[in-house]
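S.K.: Sequence:
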Amino acid sequence: MATSNTRRTFVKSLASLPLAAAIARAQSPPRYEILIQNGEIRDPARNFRQKADLAIRDGKIAAIEPTIPKEQGIDVIDAGGLYVTPGLVDLHAHVYHGFSFGIEPDPLARRSGVTTMVDAGTFDGLQVDAFRKYVVDPSQCRIFGYVFLYPSNRNPDDDPVRWARRHMKRTGEAAQANRDFVLGVKYQVGANMAGRYTFDFLKVARELCDEFKLPLMLHVSFAPPETDQVMELLKPGDVLTHCYNTHTLGILDANGKIKPSVLAARQRGVLFDIGHGAGSFNFEIARKALAEGFLPDTISTDVYQASINGPVFDMPTTMTKMLYLGMDFDDIVARSTATPAKIINRLPGMGSLEIGAPADIALLGIEEGNFKLVDAQWNEVTVERRIVSRLTICRGKRMSA
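Per the numbering used here, residue 728 is the first one in the sequence shown, and the count goes up by one each step.
If you're looking for bench data, these hints aren't it; they were derived computationally from the structure. None of the values given here were measured: they were computed from a predicted structure. Glycine included, every Cβ here is placed at the ideal spot set by N, Cα and C. Take these hints with a grain of salt, some might be off.
[Claimed, not checked] With beta-carbon atoms standing in for the labels, derived distance ranges:
#	residue 1	residue 2	range
1	Lys-930	Arg-897	17 to 25 Å
2	Arg-906	Ser-827	38 to 46 Å
3	Lys-986	Glu-798	25 to 33 Å
4	Glu-953	Ser-866	38 to 46 Å
[As the list claims (entries may be wrong)] List time: in silico DSSO-like cross-link candidates among lysine-lysine, alpha-carbon distance up to 27 Å:
#	residue 1	residue 2
5	Lys-787	Lys-860
6	Lys-860	Lys-1069
7	Lys-1099	Lys-787
8	Lys-1124	Lys-797
Full structure from sequences and hints, please.
M.R.: See below:
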(Lines of atoms letter the chains of each structure in order from A and count residues from 1; the text may use other names and numbers.)
(Lines give C-alpha, C1' and ligand atoms only; values in the text may rest on other atoms or scores of the structure.)
Protein backbone atom coordinates (compact mmCIF):
# COMPACT_ATOMS: atom_id res chain seq x y z
CA MET A 1 0.00 0.00 0.00
CA ALA A 2 2.86 2.37 0.88
CA THR A 3 4.48 1.66 -2.46
CA SER A 4 1.25 2.48 -4.31
CA ASN A 5 0.85 5.76 -2.42
CA THR A 6 4.46 6.69 -3.16
CA ARG A 7 3.95 6.04 -6.89
CA ARG A 8 0.81 8.25 -6.97
CA THR A 9 2.66 11.04 -5.17
CA PHE A 10 5.52 10.81 -7.67
CA VAL A 11 3.13 10.98 -10.65
CA LYS A 12 1.39 14.02 -9.15
CA SER A 13 4.73 15.76 -8.70
CA LEU A 14 5.54 15.17 -12.37
CA ALA A 15 2.21 16.62 -13.44
CA SER A 16 2.99 19.80 -11.51
CA LEU A 17 6.20 20.42 -13.41
CA PRO A 18 6.27 23.13 -16.13
CA LEU A 19 7.39 20.54 -18.68
CA ALA A 20 4.37 18.39 -17.99
CA ALA A 21 2.09 21.39 -18.31
CA ALA A 22 3.68 22.31 -21.62
CA ILE A 23 3.20 18.77 -22.92
CA ALA A 24 -0.44 18.82 -21.86
CA ARG A 25 -0.99 22.12 -23.63
CA ALA A 26 0.71 20.86 -26.76
CA GLN A 27 -1.54 17.81 -26.82
CA SER A 28 -4.77 19.81 -26.34
CA PRO A 29 -6.65 20.96 -29.46
CA PRO A 30 -6.20 24.58 -30.66
CA ARG A 31 -8.61 27.00 -29.04
CA TYR A 32 -8.43 29.88 -31.55
CA GLU A 33 -8.93 30.20 -35.31
CA ILE A 34 -6.35 33.00 -35.51
CA LEU A 35 -3.57 33.86 -33.09
CA ILE A 36 -1.58 37.06 -33.58
CA GLN A 37 1.71 37.00 -31.69
CA ASN A 38 4.45 39.51 -30.83
CA GLY A 39 2.57 42.60 -31.98
CA GLU A 40 2.18 46.00 -30.33
CA ILE A 41 -1.50 46.29 -29.44
CA ARG A 42 -2.83 49.84 -29.98
CA ASP A 43 -6.46 50.35 -29.00
CA PRO A 44 -7.24 54.08 -28.74
CA ALA A 45 -10.86 53.38 -27.74
CA ARG A 46 -9.62 52.38 -24.28
CA ASN A 47 -6.16 53.93 -24.33
CA PHE A 48 -4.51 50.50 -24.38
CA ARG A 49 -0.90 50.16 -25.52
CA GLN A 50 0.96 46.94 -24.84
CA LYS A 51 3.04 44.28 -26.52
CA ALA A 52 0.81 41.23 -26.33
CA ASP A 53 -0.72 38.32 -28.19
CA LEU A 54 -4.30 38.50 -29.48
CA ALA A 55 -6.56 35.54 -30.20
CA ILE A 56 -9.71 35.29 -32.33
CA ARG A 57 -12.53 32.80 -31.98
CA ASP A 58 -15.99 32.75 -33.58
CA GLY A 59 -15.48 36.11 -35.26
CA LYS A 60 -14.69 37.91 -32.01
CA ILE A 61 -11.62 38.88 -30.01
CA ALA A 62 -11.32 36.08 -27.48
CA ALA A 63 -8.12 36.87 -25.59
CA ILE A 64 -5.36 39.45 -25.20
CA GLU A 65 -2.52 38.20 -23.03
CA PRO A 66 1.22 38.83 -22.69
CA THR A 67 1.85 35.37 -24.15
CA ILE A 68 -0.48 32.82 -25.70
CA PRO A 69 1.15 29.51 -26.71
CA LYS A 70 1.24 29.14 -30.48
CA GLU A 71 -0.22 25.64 -30.14
CA GLN A 72 -3.48 27.32 -29.21
CA GLY A 73 -3.89 28.85 -32.67
CA ILE A 74 -4.78 27.23 -35.97
CA ASP A 75 -3.58 30.21 -38.04
CA VAL A 76 -0.63 31.76 -36.20
CA ILE A 77 0.54 35.19 -37.39
CA ASP A 78 3.84 36.69 -36.32
CA ALA A 79 3.23 40.44 -35.95
CA GLY A 80 6.69 41.26 -34.68
CA GLY A 81 7.52 44.89 -35.43
CA LEU A 82 3.90 45.71 -36.33
CA TYR A 83 1.04 47.53 -34.66
CA VAL A 84 -2.13 45.55 -34.07
CA THR A 85 -4.97 48.07 -34.30
CA PRO A 86 -8.72 48.00 -34.77
CA GLY A 87 -9.64 47.67 -38.42
CA LEU A 88 -9.60 51.05 -40.15
CA VAL A 89 -12.96 52.74 -40.68
CA ASP A 90 -13.19 54.93 -43.78
CA LEU A 91 -16.09 57.31 -43.11
CA HIS A 92 -16.15 58.77 -46.63
CA ALA A 93 -15.81 56.51 -49.66
CA HIS A 94 -17.76 55.76 -52.83
CA VAL A 95 -18.31 52.03 -53.33
CA TYR A 96 -21.47 51.72 -55.44
CA HIS A 97 -19.35 50.06 -58.11
CA GLY A 98 -20.84 49.06 -61.42
CA PHE A 99 -23.60 51.66 -61.17
CA SER A 100 -21.69 54.93 -60.76
CA PHE A 101 -18.20 56.29 -60.18
CA GLY A 102 -17.66 54.10 -57.12
CA ILE A 103 -14.87 51.58 -56.67
CA GLU A 104 -15.13 47.93 -55.63
CA PRO A 105 -14.61 47.91 -51.86
CA ASP A 106 -13.02 44.55 -51.01
CA PRO A 107 -9.80 44.74 -53.08
CA LEU A 108 -9.00 48.16 -51.62
CA ALA A 109 -10.01 47.16 -48.10
CA ARG A 110 -7.91 44.00 -48.21
CA ARG A 111 -4.68 45.81 -49.07
CA SER A 112 -5.22 48.84 -46.85
CA GLY A 113 -6.29 47.57 -43.40
CA VAL A 114 -9.83 48.86 -43.84
CA THR A 115 -12.59 46.70 -42.40
CA THR A 116 -15.44 49.22 -42.69
CA MET A 117 -16.35 51.64 -45.49
CA VAL A 118 -19.08 54.25 -45.48
CA ASP A 119 -20.48 55.20 -48.87
CA ALA A 120 -21.05 58.96 -48.88
CA GLY A 121 -24.14 59.40 -50.99
CA THR A 122 -23.36 57.43 -54.14
CA PHE A 123 -26.85 55.90 -53.91
CA ASP A 124 -30.19 57.67 -53.54
CA GLY A 125 -33.51 56.76 -51.98
CA LEU A 126 -34.62 54.83 -55.05
CA GLN A 127 -31.42 52.76 -55.04
CA VAL A 128 -31.27 51.66 -51.40
CA ASP A 129 -32.44 48.10 -52.09
CA ALA A 130 -29.99 47.69 -54.96
CA PHE A 131 -27.15 49.08 -52.88
CA ARG A 132 -27.91 46.54 -50.18
CA LYS A 133 -28.15 43.64 -52.66
CA TYR A 134 -25.11 44.42 -54.78
CA VAL A 135 -22.73 46.10 -52.32
CA VAL A 136 -23.63 45.68 -48.64
CA ASP A 137 -24.57 41.99 -48.60
CA PRO A 138 -21.82 40.48 -50.81
CA SER A 139 -18.90 42.51 -49.43
CA GLN A 140 -16.38 40.96 -47.07
CA CYS A 141 -15.73 44.30 -45.42
CA ARG A 142 -18.56 46.06 -43.60
CA ILE A 143 -20.47 48.61 -45.64
CA PHE A 144 -22.63 51.47 -44.39
CA GLY A 145 -23.78 54.58 -46.18
CA TYR A 146 -25.40 57.99 -46.30
CA VAL A 147 -28.26 58.16 -48.79
CA PHE A 148 -28.16 61.10 -51.20
CA LEU A 149 -30.73 63.85 -50.71
CA TYR A 150 -32.70 63.27 -53.92
CA PRO A 151 -32.79 60.90 -56.92
CA SER A 152 -30.72 61.79 -59.95
CA ASN A 153 -33.34 60.98 -62.59
CA ARG A 154 -35.01 64.42 -62.55
CA ASN A 155 -36.77 65.58 -65.69
CA PRO A 156 -35.05 68.79 -66.92
CA ASP A 157 -38.45 70.50 -66.97
CA ASP A 158 -39.04 69.85 -63.24
CA ASP A 159 -38.24 72.59 -60.75
CA PRO A 160 -35.10 71.29 -58.97
CA VAL A 161 -36.05 72.35 -55.45
CA ARG A 162 -39.60 71.08 -55.79
CA TRP A 163 -38.12 67.81 -57.07
CA ALA A 164 -35.96 67.44 -53.97
CA ARG A 165 -38.84 68.37 -51.67
CA ARG A 166 -41.17 65.94 -53.46
CA HIS A 167 -38.78 63.09 -52.63
CA MET A 168 -38.15 64.04 -49.00
CA LYS A 169 -40.66 61.56 -47.60
CA ARG A 170 -39.48 58.67 -49.74
CA THR A 171 -35.80 59.36 -48.98
CA GLY A 172 -36.46 59.68 -45.24
CA GLU A 173 -38.56 56.54 -45.11
CA ALA A 174 -35.94 54.59 -47.09
CA ALA A 175 -33.29 55.68 -44.56
CA GLN A 176 -35.45 54.71 -41.60
CA ALA A 177 -36.39 51.35 -43.10
CA ASN A 178 -32.71 50.51 -43.63
CA ARG A 179 -31.21 51.83 -40.42
CA ASP A 180 -28.99 48.76 -40.16
CA PHE A 181 -26.70 50.28 -42.79
CA VAL A 182 -28.05 53.75 -43.70
CA LEU A 183 -26.53 56.31 -41.33
CA GLY A 184 -28.16 59.50 -42.59
CA VAL A 185 -28.39 61.85 -45.56
CA LYS A 186 -25.60 63.22 -47.76
CA TYR A 187 -25.70 66.48 -49.64
CA GLN A 188 -23.11 68.50 -51.60
CA VAL A 189 -23.37 72.22 -50.94
CA GLY A 190 -21.52 74.57 -53.27
CA ALA A 191 -22.25 76.79 -56.24
CA ASN A 192 -20.29 74.36 -58.42
CA MET A 193 -22.57 71.50 -57.38
CA ALA A 194 -26.11 72.86 -57.83
CA GLY A 195 -25.67 76.48 -58.92
CA ARG A 196 -28.16 78.97 -57.51
CA TYR A 197 -30.24 76.18 -55.98
CA THR A 198 -27.54 74.82 -53.69
CA PHE A 199 -28.54 76.69 -50.51
CA ASP A 200 -32.19 75.84 -51.07
CA PHE A 201 -31.23 72.18 -51.35
CA LEU A 202 -29.34 72.48 -48.05
CA LYS A 203 -32.48 73.82 -46.39
CA VAL A 204 -34.41 70.84 -47.76
CA ALA A 205 -31.73 68.51 -46.38
CA ARG A 206 -31.99 70.16 -42.97
CA GLU A 207 -35.77 69.83 -42.96
CA LEU A 208 -35.59 66.18 -44.01
CA CYS A 209 -33.01 65.29 -41.35
CA ASP A 210 -34.99 67.09 -38.65
CA GLU A 211 -38.25 65.40 -39.59
CA PHE A 212 -36.80 61.90 -39.75
CA LYS A 213 -34.22 62.42 -36.98
CA LEU A 214 -31.25 61.65 -39.23
CA PRO A 215 -27.72 63.07 -39.20
CA LEU A 216 -26.45 64.97 -42.22
CA MET A 217 -23.10 64.53 -43.97
CA LEU A 218 -22.31 67.72 -45.84
CA HIS A 219 -19.81 68.22 -48.66
CA VAL A 220 -18.57 71.82 -48.90
CA SER A 221 -16.86 73.43 -51.87
CA PHE A 222 -17.52 76.85 -53.43
CA ALA A 223 -19.56 79.81 -52.18
CA PRO A 224 -22.27 80.94 -52.30
CA PRO A 225 -23.61 80.23 -49.75
CA GLU A 226 -21.06 81.47 -47.26
CA THR A 227 -19.42 79.37 -44.56
CA ASP A 228 -21.34 81.12 -41.77
CA GLN A 229 -24.66 80.36 -43.45
CA VAL A 230 -23.75 76.71 -43.78
CA MET A 231 -22.50 76.34 -40.20
CA GLU A 232 -25.71 77.85 -38.87
CA LEU A 233 -27.70 74.93 -40.31
CA LEU A 234 -25.49 72.15 -38.94
CA LYS A 235 -26.49 70.34 -35.75
CA PRO A 236 -24.81 67.96 -33.27
CA GLY A 237 -23.93 64.66 -34.95
CA ASP A 238 -23.77 66.17 -38.43
CA VAL A 239 -20.50 65.61 -40.32
CA LEU A 240 -18.85 68.29 -42.44
CA THR A 241 -16.51 66.56 -44.87
CA HIS A 242 -13.63 68.12 -46.88
CA CYS A 243 -12.65 70.27 -43.89
CA TYR A 244 -9.13 71.00 -45.23
CA ASN A 245 -10.09 72.12 -48.74
CA THR A 246 -8.82 75.20 -50.60
CA HIS A 247 -12.29 76.22 -51.75
CA THR A 248 -14.20 79.34 -50.77
CA LEU A 249 -16.45 77.33 -48.45
CA GLY A 250 -13.58 76.76 -46.02
CA ILE A 251 -12.91 76.72 -42.31
CA LEU A 252 -10.13 79.37 -42.37
CA ASP A 253 -10.46 83.12 -42.70
CA ALA A 254 -8.16 85.35 -44.76
CA ASN A 255 -5.64 85.41 -41.89
CA GLY A 256 -5.40 81.65 -41.60
CA LYS A 257 -7.49 81.51 -38.43
CA ILE A 258 -10.45 79.23 -37.79
CA LYS A 259 -13.67 81.08 -38.51
CA PRO A 260 -15.79 81.74 -35.38
CA SER A 261 -18.83 80.00 -36.91
CA VAL A 262 -16.72 76.86 -37.43
CA LEU A 263 -15.51 76.90 -33.82
CA ALA A 264 -19.09 77.39 -32.63
CA ALA A 265 -20.25 74.46 -34.76
CA ARG A 266 -17.59 72.18 -33.31
CA GLN A 267 -18.45 73.30 -29.79
CA ARG A 268 -22.08 72.28 -30.23
CA GLY A 269 -21.14 68.84 -31.60
CA VAL A 270 -20.67 69.14 -35.36
CA LEU A 271 -17.94 66.76 -36.56
CA PHE A 272 -15.23 67.61 -39.09
CA ASP A 273 -13.96 64.96 -41.50
CA ILE A 274 -11.02 65.09 -43.90
CA GLY A 275 -12.65 63.49 -46.98
CA HIS A 276 -9.48 63.88 -49.06
CA GLY A 277 -10.84 63.16 -52.55
CA ALA A 278 -9.54 64.38 -55.88
CA GLY A 279 -9.81 68.05 -54.97
CA SER A 280 -10.48 68.59 -51.27
CA PHE A 281 -7.29 68.18 -49.20
CA ASN A 282 -4.45 70.68 -49.12
CA PHE A 283 -1.25 70.43 -47.09
CA GLU A 284 -1.05 74.16 -46.34
CA ILE A 285 -4.69 74.47 -45.24
CA ALA A 286 -4.30 71.41 -43.01
CA ARG A 287 -1.04 72.75 -41.59
CA LYS A 288 -2.63 76.08 -40.67
CA ALA A 289 -5.66 74.40 -39.13
CA LEU A 290 -3.50 72.06 -37.06
CA ALA A 291 -1.41 75.02 -35.89
CA GLU A 292 -4.68 76.49 -34.58
CA GLY A 293 -5.38 73.24 -32.73
CA PHE A 294 -8.16 72.27 -35.14
CA LEU A 295 -7.58 68.54 -35.63
CA PRO A 296 -10.00 66.50 -37.75
CA ASP A 297 -12.51 64.39 -35.87
CA THR A 298 -12.17 61.69 -38.52
CA ILE A 299 -9.69 60.78 -41.25
CA SER A 300 -11.25 59.51 -44.47
CA THR A 301 -10.32 59.13 -48.11
CA ASP A 302 -13.26 60.12 -50.34
CA VAL A 303 -11.92 57.41 -52.60
CA TYR A 304 -13.60 56.87 -55.96
CA GLN A 305 -12.57 56.21 -59.55
CA ALA A 306 -10.97 59.63 -60.03
CA SER A 307 -8.91 59.50 -56.81
CA ILE A 308 -7.94 55.87 -56.15
CA ASN A 309 -4.85 56.07 -58.39
CA GLY A 310 -3.87 59.43 -56.92
CA PRO A 311 -3.89 61.66 -55.07
CA VAL A 312 -5.74 59.52 -52.48
CA PHE A 313 -4.67 55.89 -53.07
CA ASP A 314 -5.90 54.53 -49.71
CA MET A 315 -6.36 55.08 -45.98
CA PRO A 316 -2.73 54.41 -44.93
CA THR A 317 -1.55 57.04 -47.43
CA THR A 318 -4.07 59.56 -46.11
CA MET A 319 -3.05 58.74 -42.53
CA THR A 320 0.61 59.18 -43.53
CA LYS A 321 -0.16 62.73 -44.67
CA MET A 322 -1.40 63.54 -41.19
CA LEU A 323 1.73 61.92 -39.72
CA TYR A 324 3.80 64.18 -41.96
CA LEU A 325 1.84 67.20 -40.71
CA GLY A 326 2.76 66.37 -37.13
CA MET A 327 -0.11 64.37 -35.72
CA ASP A 328 0.70 61.60 -33.24
CA PHE A 329 0.36 58.03 -34.52
CA ASP A 330 -2.10 57.00 -31.81
CA ASP A 331 -4.16 60.12 -32.48
CA ILE A 332 -4.25 59.22 -36.16
CA VAL A 333 -5.36 55.66 -35.39
CA ALA A 334 -8.10 56.95 -33.06
CA ARG A 335 -9.51 59.20 -35.78
CA SER A 336 -9.37 56.30 -38.24
CA THR A 337 -11.03 53.72 -35.98
CA ALA A 338 -12.73 54.59 -32.69
CA THR A 339 -14.21 57.97 -33.63
CA PRO A 340 -15.77 56.99 -36.97
CA ALA A 341 -17.04 53.79 -35.32
CA LYS A 342 -18.92 55.92 -32.78
CA ILE A 343 -20.46 57.91 -35.63
CA ILE A 344 -21.63 54.68 -37.27
CA ASN A 345 -22.92 53.34 -33.93
CA ARG A 346 -24.43 50.17 -35.34
CA LEU A 347 -22.20 47.39 -34.00
CA PRO A 348 -21.14 47.12 -30.33
CA GLY A 349 -17.37 47.03 -29.99
CA MET A 350 -16.62 48.31 -33.50
CA GLY A 351 -13.43 50.36 -33.52
CA SER A 352 -12.01 48.65 -30.44
CA LEU A 353 -9.91 45.62 -29.53
CA GLU A 354 -11.67 44.79 -26.27
CA ILE A 355 -12.53 41.19 -25.44
CA GLY A 356 -15.78 40.22 -27.15
CA ALA A 357 -15.52 42.94 -29.79
CA PRO A 358 -15.81 42.05 -33.49
CA ALA A 359 -12.51 40.70 -34.78
CA ASP A 360 -11.92 43.54 -37.26
CA ILE A 361 -8.18 44.10 -37.14
CA ALA A 362 -5.43 45.84 -39.08
CA LEU A 363 -1.73 45.01 -38.87
CA LEU A 364 0.04 48.28 -39.55
CA GLY A 365 3.70 49.16 -39.86
CA ILE A 366 5.74 52.33 -40.15
CA GLU A 367 8.34 52.15 -42.91
CA GLU A 368 11.47 54.29 -42.99
CA GLY A 369 12.78 55.71 -46.27
CA ASN A 370 12.03 58.48 -48.75
CA PHE A 371 8.46 58.56 -49.99
CA LYS A 372 6.53 61.02 -52.16
CA LEU A 373 3.13 62.34 -51.10
CA VAL A 374 0.82 64.68 -52.98
CA ASP A 375 -2.23 66.63 -51.89
CA ALA A 376 -5.33 67.25 -54.01
CA GLN A 377 -3.60 70.13 -55.82
CA TRP A 378 -0.65 67.80 -56.53
CA ASN A 379 1.71 69.69 -54.26
CA GLU A 380 4.48 67.19 -53.59
CA VAL A 381 6.41 66.51 -50.39
CA THR A 382 8.98 63.88 -49.43
CA VAL A 383 8.55 62.09 -46.13
CA GLU A 384 10.83 59.74 -44.22
CA ARG A 385 8.10 57.62 -42.63
CA ARG A 386 4.92 56.15 -43.99
CA ILE A 387 2.12 54.04 -42.55
CA VAL A 388 1.57 50.74 -44.36
CA SER A 389 -0.89 47.88 -44.00
CA ARG A 390 0.42 44.32 -43.75
CA LEU A 391 -2.80 42.36 -43.12
CA THR A 392 -6.54 42.93 -42.89
CA ILE A 393 -8.77 40.70 -40.76
CA CYS A 394 -12.51 41.32 -40.98
CA ARG A 395 -15.29 39.41 -39.21
CA GLY A 396 -12.62 37.14 -37.74
CA LYS A 397 -11.15 36.07 -41.08
CA ARG A 398 -8.26 37.14 -43.26
CA MET A 399 -9.67 39.13 -46.16
CA SER A 400 -9.21 36.97 -49.24
CA ALA A 401 -8.69 37.78 -52.90
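S.K.: Which numbered hints turn out to be false for this structure?
M.R.: 2, 3 and 7
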